[in-house]
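Number of protein chains: 2
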Amino acid sequence: MEMNQNITDDVVKCATDRAADPGIFPACKAGKSEYTASERSSRGGVDFPVSVVLPAGGTGERTGLRTPKQFCTFLGRPLISYTIHAFERVSWIQRIMVVVAKENTELMTDIIQRYQHTKVQTVPGGSTRHRSICNGVLALGEDGEDKRPEVVIIHDAVRPFVEEDFLYKIVMTAKEQGAVGAIRPLVSTVIATTSEGYLDHTLERAKYRASEMPQGFTYDIIYQAYKRCSESDLEFGTECLHLALQYCGTNAKLIEGPPTLWKVTYKRDLAAAEFIIKETLSQSACVITGPSLHAVTLAGALWKAFGTFGMVHLRGLDGLAISGTMTEPAPLIMELASAAKPRNVLLFGIQLHQPNDLEQWERSALRVAEITSALIRERNPALVGQLLQA
Amino acid sequence: MEMNQNITDDVVKCATDRAADPGIFPACKAGKSEYTASERSSRGGVDFPVSVVLPAGGTGERTGLRTPKQFCTFLGRPLISYTIHAFERVSWIQRIMVVVAKENTELMTDIIQRYQHTKVQTVPGGSTRHRSICNGVLALGEDGEDKRPEVVIIHDAVRPFVEEDFLYKIVMTAKEQGAVGAIRPLVSTVIATTSEGYLDHTLERAKYRASEMPQGFTYDIIYQAYKRCSESDLEFGTECLHLALQYCGTNAKLIEGPPTLWKVTYKRDLAAAEFIIKETLSQSACVITGPSLHAVTLAGALWKAFGTFGMVHLRGLDGLAISGTMTEPAPLIMELASAAKPRNVLLFGIQLHQPNDLEQWERSALRVAEITSALIRERNPALVGQLLQA
Chain A
0 MEMNQNITDD VVKCATDRAA DPGIFPACKA GKSEYTASER SSRGGVDFPV
50 SVVLPAGGTG ERTGLRTPKQ FCTFLGRPLI SYTIHAFERV SWIQRIMVVV
100 AKENTELMTD IIQRYQHTKV QTVPGGSTRH RSICNGVLAL GEDGEDKRPE
150 VVIIHDAVRP FVEEDFLYKI VMTAKEQGAV GAIRPLVSTV IATTSEGYLD
200 HTLERAKYRA SEMPQGFTYD IIYQAYKRCS ESDLEFGTEC LHLALQYCGT
250 NAKLIEGPPT LWKVTYKRDL AAAEFIIKET LSQSACVITG PSLHAVTLAG
300 ALWKAFGTFG MVHLRGLDGL AISGTMTEPA PLIMELASAA KPRNVLLFGI
350 QLHQPNDLEQ WERSALRVAE ITSALIRERN PALVGQLLQA
Chain B
0 MEMNQNITDD VVKCATDRAA DPGIFPACKA GKSEYTASER SSRGGVDFPV
50 SVVLPAGGTG ERTGLRTPKQ FCTFLGRPLI SYTIHAFERV SWIQRIMVVV
100 AKENTELMTD IIQRYQHTKV QTVPGGSTRH RSICNGVLAL GEDGEDKRPE
150 VVIIHDAVRP FVEEDFLYKI VMTAKEQGAV GAIRPLVSTV IATTSEGYLD
200 HTLERAKYRA SEMPQGFTYD IIYQAYKRCS ESDLEFGTEC LHLALQYCGT
250 NAKLIEGPPT LWKVTYKRDL AAAEFIIKET LSQSACVITG PSLHAVTLAG
300 ALWKAFGTFG MVHLRGLDGL AISGTMTEPA PLIMELASAA KPRNVLLFGI
350 QLHQPNDLEQ WERSALRVAE ITSALIRERN PALVGQLLQA
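Just so you know, the protein sequences line up as chains A and B, in that order. Under numbering that gives the first Met the number 0, the first residue of the first sequence is numbered 0, with each subsequent residue one higher. Under numbering that gives the first Met the number 0, the first residue of the second sequence is numbered 0, with each subsequent residue one higher.
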């Protein structure tokens, strides 16, 4: 940004949206699932009522953290809000029944209000996973037969990356087959152990799969399965598909899901989840430059290098910048960043010292690219408004 | 840092060591494993030769990256170098036989030289995992019977977080029992599928475990197992423990390992690995301040807040800073950072504007804490030498 003829420094600004705004979380990408938009239209849309049961009663034992992992925040937004949003943006999903432990009801109500979730109702959890899911299923049927969903999706609050195409596949298969579950190949070999802690035998990997979420059921089947199952199932069972098989005689269809369906379980998974959130959000970053030829060329190169984000050349800023001819760039960026923050935009400044020779210029351009890339990747709110030097 | 009486700004510097220096990677923490140092001394040390086979032939298929994941870099150092270092720092491990695909031999030789690995030899990989491990085991025996290890540890290049206490347990058990493997509880329910893709049955989770690495064998058992096994085992088998059982009649002892033993498999695991590396390294950050009372108080508070890192109050810096009375803080920090970089120290500057009233002071102190925390957590080399404003 050429602020006047005496100041030859250029400012390249890099602004990234924050996750806190549900509106900018990008929709599912094409080509990631077997069901594309065109397949959906050829098979027909979802013209029957679908609702979701989302058990969120976990205690966070395995992450070693005090906050249950579904309530851990990523870029200022709790994990469960990402999961809810993944369902809320699907037009053919009516209701999301979140099953939450009594001690977290207030927190959950806060989250629903703050992130403006509109399809969510809450119901108190039970003492085990199955009792909680059962409460959710029953709550979906309480408003009378005509309001009952035809298909129920059961998912986990700690699997935030489920996409519409895959949900479509789950729901259509549930309608046809009665029960359906997502599976993944096993990452490790599974072995049977003796009671003394020795190897008994190794399972043949090709015949087995990891059972993941989401799962789908017609309302009737999941309702009957919970109505008929034993106290021991409610206490010790782990698998809804197993209940459907045992109590309704329905062999669930199994569909391989994408690797992003994995469950946030350990502390390291929180970092992995943050990485995926950041990677997805990085698509909505933009670079703003002043009108100087060098700056525009450089911003163009950055745009090409990072590929995924759009570039905005905001001429209006120059006017702002020279409103007082003596305006220093550092306070200006801090001021702009403060103004941008309430609109969920993270703004960082990079000051490029316009060099005299080509070699220096190349070095500076490389620094700008490095810093821009780091800012986009890290999306660190603590560095907002800083004027970095390239 | 009070640079002279006219400049009242304080500079708090935050320097963090880089992973690239193998010397600063911290040793294993106490209390993380069942075998503590005192147990080791009561059970006696490892007084027999132990070597490692480290297959590193993976193609990186599942991460979706061009670089095989063992060669992906974290904070400037490839993943496999962290894994090698985890073994190299254990005094009773003699040799590490890295099995590497022919096309990566040169890259591996580079890594060994650059990160000064001293216990490593390489051997060309085979067409399958078992052929590769077999090559490694045979290579360990080539120097004659007297140089043969008594116990062989088999591990994965993409499991960098193995600790000495757990290796001790593996090695002592291998010596006693002939074969031993690390296990973990199953994260997902395992299900058997019909050939048509329907649920056949659900496995009872309590009886099964995920088989992980490291595994340990006496040299004789692993050598005989590979000598006797079939071509089909070498081609399609996945589990060394299974070969020991089938061809040597040895039921391996199974030991539960820590969650950090997990295998870097998907792209998200790279983020999880980086998180653990950063978390471990954050223990070696320090805060440097000038002598002003406010700055020292603040640095003390930061030191308490972050707990794990030591504080250095480097008086000498003041001398540097005022060597020319008109030295601007920004270029000075850039200069110091350049000087520190070859010594693997990342140096960042934070300029604290000494405020007039208490409320402002609290706000500034909070900003310093925020920025310091972010810098320590992210360890971003692209931001080295920046003077950030608090």
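Just so you know, not all the hints are guaranteed correct.
[What the hints assert, rightly or not] DSBU-like, lysine-lysine: derived pairs with alpha carbons at most 35 Å apart:
1. Lys266(A) <-> Lys340(B)
2. Lys206(B) <-> Lys262(A)
3. Lys146(A) <-> Lys226(A)
4. Lys277(A) <-> Lys206(B)
5. Lys206(B) <-> Lys226(A)
[As the list claims (entries may be wrong)] Over 10 Å on every C-beta distance to chain A, these chain B residues come out as not near it, computed from the model:
6. Arg65
7. Lys101
8. Thr104
9. Asp109
10. Gly125
11. Asp145
12. Asp268
13. Asn379
Simulated from the structure, these hints should not be mistaken for lab results. None of these values were measured; they are calculated from a predicted model. We put the CB at the ideal spot given by N, CA and C, even for glycine.
Going through the hints against the structure:
1. The hinted pair formed by Lys266(A) and Lys340(B) meets the criterion: a straight-line CA distance of about 31 Å does not exceed 35 Å.
2. Of the supplied pair hints, the one linking Lys206(B) and Lys262(A) holds, its CA atoms being roughly 22 Å apart against a limit of 35 Å.
3. Only pairs whose Cα atoms come within 35 Å are accepted, and Lys146(A) paired with Lys226(A) is accepted, the gap being roughly 20 Å.
4. With a C-alpha separation of about 38 Å, the suggested pair Lys277(A) and Lys206(B) falls outside the 35 Å cut-off, and the hint is violated.
5. In summary, the hint linking Lys206(B) to Lys226(A) is supported, as the alpha carbons are separated by about 28 Å, within the 35 Å threshold.
6. At roughly 16 Å from the closest C-beta of chain A, the C-beta of Arg65(B) stays outside 10 Å, upholding its exclusion from the interface.
7. Distance check for Lys101(B) against chain A: the nearest CB is about 27 Å away, which clears 10 Å, and the non-interface claim stands.
8. Remark: the non-interface label on Thr104(B) is consistent with the geometry, its nearest Cβ contact in chain A lying 28 Å away (cut-off 10 Å).
9. For Asp109(B), the non-interface assignment is confirmed: its Cβ lies about 23 Å from the closest Cβ of chain A, beyond the 10 Å cut-off.
10. Listed as outside the interface, Gly125(B) is consistent with that label: its C-beta sits roughly 19 Å from the nearest C-beta of chain A, beyond the 10 Å cut-off.
11. With a cut of 10 Å on Cβ distances, Asp145(B) stays outside the contact zone with chain A, its closest approach being about 32 Å.
12. Consistency note on Asp268(B): stated as away from chain A, yet its beta-carbon is not over 10 Å from all of that chain's, at 7 Å minimum.
13. Distance to chain A contradicts Asn379(B) as a non-interface residue, since its nearest Cβ pair spans about 5 Å, not more than 10 Å.
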